[in-house]
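> All chains, please: the whole structure from these sequences, using the hints.
Take any residue in the sequence shown, count from 1 to its spot, add 2: that is its number in the numbering used here.
Among the clues, some could well be false.
DSBU-like mimics (lysine-lysine), calculated; alpha carbons at most 30 Å apart, straight line [said to hold, decoys possible]:
id : residue 1 : residue 2
1  : LYS56     : LYS500
2  : LYS56     : LYS46
3  : LYS129    : LYS56
4  : LYS500    : LYS75
5  : LYS75     : LYS56
6  : LYS46     : LYS75
7  : LYS500    : LYS46
8  : LYS108    : LYS129
No lab work stands behind these hints, which were simulated from the structure alone.
Model, not experiment: these values are computed from the prediction.
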Amino acid sequence: VITVGNETLTFVRQPTAGYVLKTQNDISSMDTVCRFLKSDGDVKINPIRGLGRKGVSVIYNERPAEENDRTIKSLRFYNEVQYTAPLFSSNGETVAIIPEIVIRVKPDTTTEHVQAICEMTGCSIIKQMEFTEQEYLLQVSGPNAEAVFEAAGQLNRIDWIEWACPNTAFEPKLCGQVIPNDEYFSELWHLHNTGQISLYGAEGTPNIDINAPEAWEITTGDPNIVVAVIDNGVDSKHPDLINNLVPGYDFRDDDDLSDPSAEYFGNNHGTACAGLIAAQGNNGIGVAGVTWNCSIMPIRIRGGGDTATLSIESDIATAYRWAAVHGADILSNSWGYVAPVPIIHSAIVDITEIGGIGRSGKGCVVLAVVGNDGGVLQWPARYAEVIAVGATDNADIRHEYSNYGEELDIMAHGSAGDLNSLGRGTLCTTDISGSRGQNNKWGTLLYGPLVDIDVDYAYMGGTSSACPVAAGVAALILSVDPNLTNEEVKQILYRSAKDLGDPGWDVCV
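Below you can see the structure in the form of structure tokens.
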């Protein structure tokens with residue numbers, strides 16, 4: 003029991019709910035611990051981010067108290083683990099006692115006073131709290147929650163400290179899943195799978211999705227996070243994209259008008275990718291992207307269909323660097339090639355390396371498709387700096403067309419059912435608006451109507467769909483913590499993904 007001002011806080015151990023731990027800040031430390039935890043069964047690992055905090059995670063593991071206690075004791079044998087504690091309840095709320103305390107001091111108390119008392123109580127100053135001169139965030143050096151409670155009690159007995167309170171992590175209670183009002187949201191099984199039937203008649207499996215409504219409880223995206231769509235252009239007038247577009251560039255025609263060519267009605271590939279990433283959500287029309295509010299930077303590097311399809315390596319390399327210099331955080335590439343290209347790889351290195359030209363030295367996040375040949379991965383996905391994305395269906399099974407190999411990093415939903423010769427899949431997304439789009443032309447000339455949807459929307463599949471879905475998830479991650487490095491984003495994608503098959507990485511054959 004701790005009294006803070008006029009409030010009484012009661013903390014009660016909840017050992018059956020799970021535990022919290024703090025590791026060393028480096029990524030390898032957390033990976034070591036994660037491998038141990040996953041060997042303990044089905045656990046949910048939630049890293050606690052924000053304001054530079056690293057290495058602290060809450061592990062939800064509903065087991066008997068004695069099992070979780072044994073796990074906590076085992077974790078203490080790891081040199082990487084600096085702090086462990088069971089979860090607690092406080093006034094009916096489940097909370098994690100992390101090794102931090104906030105204190106409020108009386109006016110005119112100096113930092114030197116705070117530093118001196120920290121040395122006496124086993125604490126250290128993390129920082130003075132923002133926008134106030136009276137509060138400090140302290141780090142507790144003890145190994146468990148008892149050390150935090152003891153330090154808080156000692157600090158509360160000091161005259162010039164108005165109060166000291168454990169800094170806890172908890173899950174804010176929101177009003178259920180966030181379901182947008184977009185007209186075709188029920189078609190978006192990759193975001194929210196209720197078992198709906200796909201375009202090809204494949205029956206879906208409930209909850210085989212990316213948990214988008216749950217993620218939207220945390221964030222629907224920050225407009226300051228920019229995803230560059232490296233493709234054949236994006237329709238700048240599409241009603242579901244126009245509010246989320248930032249200036250891009252056309253490296254085919256060497257101008258800043260990066261719309262798709264009007265010469266061929268099938269040039270909707272880049273527009274479709276953009277919609278999967280960031281079609282505006284909850285606006286009453288069309289579809290919603292993985293992120294509703296992050297920004298799209300259209301980068302046109304190729305034609306398509308009946309237009310000239312050749313692209314120049316040096317132009318693509320310049321496009322990558324241009325996007326990074328002009329503020330792109332993430333680059334989504336739903337295209338590839340069958341041989342290594344050193345000119346392009348050099349640009350990828352420049353924008354991804356720490357201290358390079360991407361994201362003020364934090365490194366751009368680059369994702370690329372693995373290809374639709376059912377064989378080895380294509381480039382640029384095979385480069386170590388690139389996150390290689392394969393495709394699964396609406397039952398979480400790898401599509402036979404999705405390439406695989408040791409360079410494969412992650413899978414995302416690509417389509418439900420087989421791709422036909424024209425590549426039409428089943429993720430509903432944005433089409434080139436008006437009469438020039440895939441829906442209008444292909445729907446009337448080749449198939450009959452696709453389904454009863456507006457001509458501004460169409461369906462897309464393959465690894466070309468999976469890559470922008472994964473890019474949208476990366477954008478949500480950076481929306482929560484824009485200070486993450488590209489490697490940290492990659493590791494969060496790994497740790498938050500569902501582990502299919504045997505534990506760990508699988509060859510996916």
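> For each hint, tell me whether it holds in the structure or not.
Structure-based check of each hint:
1. Distance restraint check for LYS56 and LYS500: the Cα-Cα separation of roughly 22 Å lies within the 30 Å cut-off, and the hinted pair is therefore satisfied.
2. A C-alpha spacing of about 18 Å is found between LYS56 and LYS46, which places the hinted pair at or below 30 Å, so the restraint holds.
3. Distance restraint check for LYS129 and LYS56: the Cα-Cα separation of roughly 15 Å lies within the 30 Å cut-off, and the hinted pair is therefore satisfied.
4. A distance of roughly 27 Å separates the Cα atoms of LYS500 and LYS75; the hinted pair therefore holds under the 30 Å criterion.
5. Between the alpha carbons of LYS75 and LYS56 the distance comes to roughly 22 Å, so the proposed pair stays at or under 30 Å and holds.
6. Between LYS46 and LYS75 the CA atoms are separated by roughly 19 Å; this keeps the pair inside 30 Å, and the hint holds.
7. Taking the CA atoms of LYS500 and LYS46, the gap is near 10 Å; set against the 30 Å cutoff, the hint holds.
8. Our distance criterion of 30 Å between C-alpha atoms is met by LYS108 and LYS129, whose separation comes to about 17 Å.
Of the numbered hints given earlier, the model fails none.
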